[in-house]
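Given the sequences, and given the hints that come with them, work out the whole structure.
These protein sequences, in sequence, are chains A and B. In this text, residue positions in the first sequence follow the working numbering: the first is 108, and each later residue adds one. In this text, residue positions in the second sequence follow the working numbering: the first is 286, and each later residue adds one.
Hint data in this document are derived by calculation from the structure and do not stem from the laboratory. Please read these numbers as outputs of a predicted model, since none were measured by experiment. Worth double-checking, as some hints may not be accurate.
[Unchecked claim] Each pair of labels, with its calculated beta carbon distance range:
hint, chain 1, residue 1, chain 2, residue 2, range
1, A, E290, B, F506, 49 to 59 Å
2, A, E329, B, D463, 44 to 54 Å
3, A, Q305, B, R465, 28 to 38 Å
Every residue gets a Cβ at the ideal spot worked out from N, C-alpha and C, and that includes glycine.
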Amino acid sequence: MIEVENLSKKFDNMTAVDNISFNIEEGEVFGFVGPNGAGKTTTIRMLTCLISSTSGTAKIAGYDINKKSDTLKIRKMIGLIPDNVGLYNELSAYKNLDFCGKLYGMENSKREENIKYFLKMLGIWDKKDIIVGKFSKGMKQKLAIARALIHDPEILFLDEPTANLDPSSSKTVRNFLIDLKQENKTIFINTHNFAEVQQICDKIGIMNTKLLRVSTQKDFKESIWGIKTIVQLDKVTDSVLNALNNVSFKNMSVSGDKLIFDLNDPQKENPAIINTIVNAGGRILYVTKLDPSLEDTYLKFLREEN
Amino acid sequence: MNIRKSWVIAIKDFEIFKKKKEILMSLFIFPLIMGIVFPLIILGIIEDPNLKVHELITAINTFSLLYIMLPGFIPPSLASYSIVGEKTEKTLEPLLASPITDDELLFGKIIASFLPSIFISYLSALLFMLLINIFTYDKLHYFFFPNWNMGVILLLIIPFVILLSVEVNVLISSKISDLRTASQLGALSMTPFLGLYFAFQTYLIGLNLFNLLVLILFLVFLVVTLFILTKSVFNREKILTKWD
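In structure tokens form, the structure reads like this:
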């Protein structure tokens with residue numbers, strides 16, 4: 108659905124985006140993470156045809172962002188939520204959506220139907236006639252999402268959709284995005300919120316001017332931490348440690364009464380490890396898989412990169 | 286170009302102008318002064334028993350001719366909002382991300398500033414003519430308005446003056462990132478019409494059919510050239526990235 112190849116953007120002498128390439132499949136949710144100034148917003152702006160690229164190409168549903176004749180077609184099929192909501196404070200919620208729907212050339216009946224559907228779904232139908240200037244940040248963000256979806260776009264671009272929202276509003280927005288994911292929408296999210304990425308995204312891209320990594324969350328975590336099993340024992344004894352010398356695994360470390368195994372193939376190695384410990388008289392209190400948070404993984408990754 | 290989309294943008298801007306007190310004030314104050322204060326000045330001088338009829342007519346014509354220039358000062362507050370306002374209120378990015386062309390956007394912004402300006406100008410002129418007729422009937426024994434001169438000014442000159450003012454201001458608005466500066470520069474851009482006013486007032490240019498035709502052709506040329514210029518200097522990318 109989105110194919111990016113060697114895409115770059117320079118502003119005068121400053122390189123904002125440096126030769127990035129990645130693909131996003133239809134129905135996939137892609138989380139773009141990275142520090143401030145990493146080029147995430149610039150990437151979204153190039154993909155939504157708001158600014159031109161300096162070099163490289165990108166195709167949105169087969170349409171080329173660099174081709175002038177394709178830009179209107181791309182804009183028709185995408186929805187954008189910029190980092191600031193970009194709503195008209197003087198207009199009511201209904202009129203904001205109505206204006207947007209008309210710009211996309213929607214038929215009256217479909218436009219009215221969609222406005223009603225989204226405002227009801229986001230719980231702001233009863234406030235449809237109130238001017239947006241009186242809305243809370245959370246309500247504005249919900250309305251910005253509704254605006255981006257009003258014309259039934261195939262692809263949704265969100266730039267920091269939950270920034271500056273309170274936890275409750277963030278959760279509402281997140282749940283809504285999960286619903287959209289189930290509707291098979293392709294979603295591209297720029298975010299600093301790792302809880303959001305962890306919960307919603309199928310794939311992540313780590314950006315710092317260059318695209319440092321693109322992978323699934325699972326692959327990313329495993330590449331940084333490895334596949335680890337933690338076995339908590341009542342007491343680590345020499346007989347247990349000696350017995351484990353005969354078992355095949357990548358590595359093992361001891362931390363108090365915990366044994367931490369670095370594995371290649373957990374399905375084969377875990378049963379062997381457990382059997383060996385039990386046979387050597389070890390008393391297992393619990394066995395867990397090491398599952399660090401995405402945020403910890405990202406920070407470790409950045410430390411290693413630096 | 287899809288005119289319907291331009292109209293959608295214009296209607297949205299009308300709604301916003303209605304809710305912005307500072308825009309409404311600047312929109313109404315100037316024309317109200319023209320429509321009420323000028324006739325009141327005439328009312329003041331008409332009290333003079335020594336005033337001759339031709340002196341009164343000269344005074345009325347002097348004020349009438351101001352309608353060549355003054356309507357040009359109405360659009361800056363509206364037109365300067367057009368791009369700068371969208372940018373400062375952070376609404377430009379989603380607007381530019383929608384499937385509208387530069388032509389549709391700029392044309393919509395021109396309609397949004399042109400229609401209220403022409404409406405207010407005509408309202409002011411109507412008030413001016415009505416009050417002048419009421420105040421001068423006893424002295425002149427006929428209704429001074431409507432007359433040929435004012436007809437030409439209202440129907441041929443004012444629309445062009447406003448259109449030019451709007452275009453200059455939309456052009457400035459798409460190049461300047463500060464609302465106040467855009468508005469001030471926009472007002473300054475109307476000074477050539479001051480020259481036109483004095484040219485008519487001092488009979489340097491006579492109000493005859495040929496001169497009017499030349500003037501109107503020149504104004505048409507300016508209107509078209511300015512639209513092309515505005516379109517060519519309108520740079521979405523620069524507006525989005527340099528004004529951040």
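Okay, the hints, checked on the actual structure:
| no. | hint | result |
| --- | --- | --- |
| 1 | E290/A / F506/B: 49 to 59 Å | 54 Å, holds |
| 2 | E329/A / D463/B: 44 to 54 Å | 52 Å, holds |
| 3 | Q305/A / R465/B: 28 to 38 Å | 46 Å, violated |
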